[in-house]
Amino acid sequence: MVFMENTVINEEQGKSKIKGRIASKGVLIVLSDNNFGRTYIIDQPVVTIGREEESDFVIEDKMISRVHCSISVDEENHFFIEDLDSTNSSFINSKKLKKRKPLYYGDKINIGDSILRFFREEANS
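Mapping of the sequence shown onto the working numbering: position 46 corresponds to residue 226, and the numbering continues sequentially without gaps.
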């Protein structure tokens, strides 16, 4: 993983780890004071978010579980979020996440004391 300014990009010898089935990448931007502005690029079929290094995206927040939630992309390029039995739950647009749920452009994700916003890569037109 390479850190460029506030953006986290996964790279392997100069090549992005983008799987062929992901037509457009997802983007998470941290909006809370802790890590404000940090951007995470979703460029794999499944990524995990948590406070420990075993997660793909690490957010330093003591209220976040070691591996708190995951974001996945299906074959039709739809993004989904799922809580991974975290201690303090995950919330989408202020509603508790009880099962795997689709993510839409602009959705607000609350995990621990952190607030993130979900976006999708936009094509030039």
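Do not take every clue at face value.
Claimed, not checked - DSS-like, lysine-lysine: derived pairs with alpha carbons at most 30 Å apart:
hint, residue 1, residue 2
1, 242, 278
2, 281, 205
3, 242, 205
Source of the hints: derived by calculation from the structure; they are not laboratory data.
Checked hints:
1. 242 <-> 278: Between residue 242 and residue 278 the Cα gap is close to 22 Å, so the pair holds against 30 Å.
2. 281 <-> 205: 18 Å, holds
3. 242 <-> 205: 28 Å, holds
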